[in-house]
Amino acid sequence: MDPAGGAASALQLLGITKSYGSVVACDAVDLAINKGEIHGLLGENGAGKSTLMKILLGLVHRDAGSIVYGGKPVEINTPQVAAALGLGMVHQHFSLIEPLRVWENVILGDVGRIDRLAACRQVEEVGLRYGLPINPMARVEQLSAGERQRVELIKCLRRDPAVLILDEPTSVLTQAESAELFSVLRRVVQEENRAVILISHKLAEITAATDRVTVLSKGRVVFQSATGDTTATELARQMVGREVSLRAEAAALGVLPVEQYRVELASAEQVESASPDRPAALRLRELEVDVGGVAVVKRLSLDVRAGEIVGLYGVEGNGQSTLGDVLSGLVQPTSGSIELGGVPVELNRPGALQRAGLGIVPEDRHRCGVVLDMSVAENLSLKALGDIGGRHLLSRRKMHAVARRLVAEFNIVAPSLDAPVRSVSGGNQQRLVVARELSANPTVLVAAQPTRGLDVAAIEDMYLRLREAASSGVAVLLISTELEEVMELCSRVAVISSGRITGVLSIVEATAERLGMLVGGMAA
Amino acid sequence: MSALAVVVAMALSALLIATTGGSPLDSLNAIIQGSVGSPAAWTTTLLNATPLLVVAAGACISSRSGIFNIGQEGQVLIGAMAATAVSLRLALVGPALLVLGMFAAAVAGGVWASLSAVMHRLRGVNIVVSTLLMTFVAQQLISYAVNTPWLLQATRIGSTAPPPESNQIPVGAQLGSIGHYPQLQLNLGLFLALVLTVVVAVAMARTRWGFELKMMGLNPLTAQHAGVRVSRLGAVALGLSGAFAGIAGAVLIASPVGNFRLQPGVSSNFGWDGLLVALVARNRPIVAVPFAVLFGILRSGGNFVAATGVPSFLVDVVKGLLVLAFVAPPALADMLQRRAATAKAARSASTRSADLEGVAA
Amino acid sequence: MSVAGDVSTILASGVRLTGPLAFAACGEYIAERAGTMNISVEAMMLGGAFASVATASATGSATIGLVVGAAVGFAVAVLHGTLAHRAEINTFVVGLVLNSLVLGLTSYLIAVSRFDSHQVSLVSIPLLRDIPMVGRALFVERWPVYLLLVLVPLTWWLVERSRWGLELRAVGENPRAADVTGIRVNVRRRQALMWCGLLGGFGGAYLAVGEVGSFNQNMTAGRGYIVIAAVIFGAWRLGRTMLGCVLFGLADAMRLALPALGVTLNGQFLIAVPYVLALLAMLVFATQYREPKALGQPFERGSS
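Chains as they are written, first to last, in the numbering used here: chain X, 1 to 524; chain E, 1001 to 1361; chain Y, 2001 to 2304.
Take these hints with a grain of salt, some might be off.
[Said to hold, decoys possible] Each computed EDC-like pair below joins lysine to aspartate or glutamate, with the alpha-carbon atoms no more than 20 angstroms apart:
hint, chain 1, residue 1, chain 2, residue 2
1, X, 218, X, 484
2, X, 398, E, 1212
3, Y, 2293, X, 484
4, X, 35, X, 211
5, X, 35, X, 63
6, X, 35, X, 191
7, X, 218, X, 455
8, Y, 2293, Y, 2130
9, Y, 2293, X, 98
Since the hints were made in silico from the structure, they are not lab data.
Please work from the sequences and hints to get the whole structure.
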């Protein structure tokens, strides 16, 4: 199947298929990783990259297909088997224990007696061999992100893996640290003939650091090439091409509901351009957010006008969640401002954003959207207690009246108004959140990953609500990792990468290539 | 299941009595006679239940907000000291003295608990730990006060050294009985406790503040998202629970249970037990009423058990077993349910060779 | 009495009062490093004290009493571990209930029982005991005290140098990461708690059959809480924890000696010393004090 497969291949995946219920995460994936190469694996969220890697590491069991390792078919049922075979992974989120010393972290998970001197020596040896200098006696909490990455690498490399998998390894690294990492990886493959799988969505990284590249989309291999024979633009197109071309097809067939809506919107924009003084309904200005000393959102500016749906699109882990926390009032930006209707919001006052007219459907509703152990009725009114009572007292009767109305209006299915939200399905929990946010008549609605984990009916419902909100004059900001969703709903797309907005495109300008380049952190 | 657990707890207690040579039936009879067998017995039971209920009502407030205050024993003492000081030092007429004493006790208990909130705010000191440690500091503070003549130690009569306790507080500052019934006295404190409990119950169930408190306890992030000042509300809840414990201390001093005077042991575990009452009532103030009476029954009945040749400490054992019987079964049931779910998931995962959760998901 | 005599007396009494604290503190230290804020150490000590006296009386051997005392502490730990780590009841709630239950039970049992007095033997070390002032205090002691010379380094080695201890610390600091690395978090925590039970029970037993020779109602009288204060004062370092135990033991000894010395200082201040010092330690040394980051937080797989 793969021309490059053969004697030199360290690992071959043949027809790997894995589905979760009706969702196909990996669809007959063929992949050959050669010794002595860095193999880039490119794809959006949900493209199947992580499922594939979990299968390789014995964390997930495949439905069909086979794995050939060192020329022999193997069964990888547990992480232990994977480790014994020589498959090692450096995870995206560090699994280090901060107050412990470097050498202690490195040997955590081994068995048998501890030999501190031997462990320290090994850390130093491995460090020396790969150019990963680290003091084995240092405590991890005193290390920089780059140094922590070194510890993770050493932890992995000292087990002498034949195949080393890195999942978005540069997401918390500076440019210099990233460059250093890639030079180490180069040495690993060139001098020791190991194989490296580099999972990334950053095009610059893939083109600069890999020997071959495979693009996954919707669980399928859509493109494979030697890195030298392709370009960033080509990769960008391949990465997001399917969705964009699908949209084009649908538009050609005239089945895209958004078309008609876009015409309306175009006229709305004309109205707006006629009054340029009118401020944007939501204006994010030079937002900077630090989480644990790391800049996660960097000088982010974005305008959303009344009546439009703007998508904030990007691969997960590029600062969207933190931005969502800022808009939920949970995190305060280090600098910058948020304006609603031209008026800056005092972000240090609890509930200020909400009072200024911002509604939000948070990314993780269980975390900060609902109180699972409170009733449906209580959850429906928890942000508008003033409406169901006076300054101090609350009226149960009024609360139930509000709840009854919203439950009917938004088709929320619940055993009763007094049933705890825990007992309601995910789709209905999400409807509840939307109902609550929209019932406050917001001027701005932020929907963060609003359809994640929902069934088809609930997704349809959500799309309808967002469109209705926009057409009634609400400014809607859709934060999403699903390009299809963004393409279907939005009139403009802002692309976020590494906490920065890399570009804002109107939907007509949003070609696969340009979107792909922006997602990959390159100008387009 | 809880009923079964209570039966088991009673059976274990009976077994304990039987193996140590007593008669379980006699003991049970003594407890019942001593606590609810006569109007006089009821009087003692309710007097004992009163401070327990006040402490429990306060504990409901802080626990509801997700903040665990376990220093009630110390806050009771501090409240008792404040009430005693006011009652002995100020020259006021009866009712004013009583009201002012209660008020001072509430403030003192509240401030004492709030110190923990301050330490948490300033230096991130764990609230459970600091409220616990502050209890022992309070105990020594009280002990010092009643051992120091220029503080609260009783005045010297003749040449004998005064005992380590305060003078009796004036009659005007004592809580009297309401109504006249043969042998039965309904102390004013009981009504105060019931009123406070109802107030807390209504505040929690019917007010905006109670709603926010509950929200904060169940999901602080959602509460913050909904505009609640979480740290301030938490500090208020902690302070209030301390204030209630302080009032309990004042009630103790002003009623026959506390002999109308400050003594080092005056709190006599009312703080700890009140916390346990709130615990078994699962932070519902109204439900705390019957449990406070139950604990009161054990306290008043305990004095009569000794007459049957069984040590009065029996009631402490019964109390501990009962608390376990109320707390453990639901948690154990949850645990079994979780295990069954995990086992089921593991089975289906192995048969379908699918792992829907994904270990590193 | 001479000054030297006074010092020697206070020192001797201080060492005796330190002993039970030090044993239990080694256990509490281990439990807290694994992330369990164990307030039932009071119940462990009290249960151990009672059981040791009862056993010593029944068998005639104070040494067997020590062993059984440790076993009873262990049993309390198993109960605590089951309720807190398996059934996931709040660990402080479990602690409060166990403390109250064990206090009631031992009070009841001592009231209906009569035990003979037994005490472990004194060991007097030749030559060293003749050192002026400190000789009698340090080198004429009940033999279990000398076990501390082994136990403290052993505890240190276990926590800081063994693989078990490494995993224990990982569990106390970051249970989620530890879980990903393949460590069974709640198993480690229960094991740590069981150590604490053994040592807490032994500490209580040593107090009873070691120092006093009998049991009285509420014999430990809050020593478990002093142990907790010592671990906090020690900023979760074993050496400083032991220093705390010695300091608190000496404060207690001072208090007992005050009347004999004719000093009219109020003893209450000395009793409050451990708690005040622990609170101050948390306030003053906040920047460098290193509480295990997951202390008192339950761990449940799959929750975030």
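Please flag the earlier hints that this structure goes against, numbers listed from lowest up. As far as the earlier hints go, 3, 5 and 8 are violated by this structure, in ascending order.
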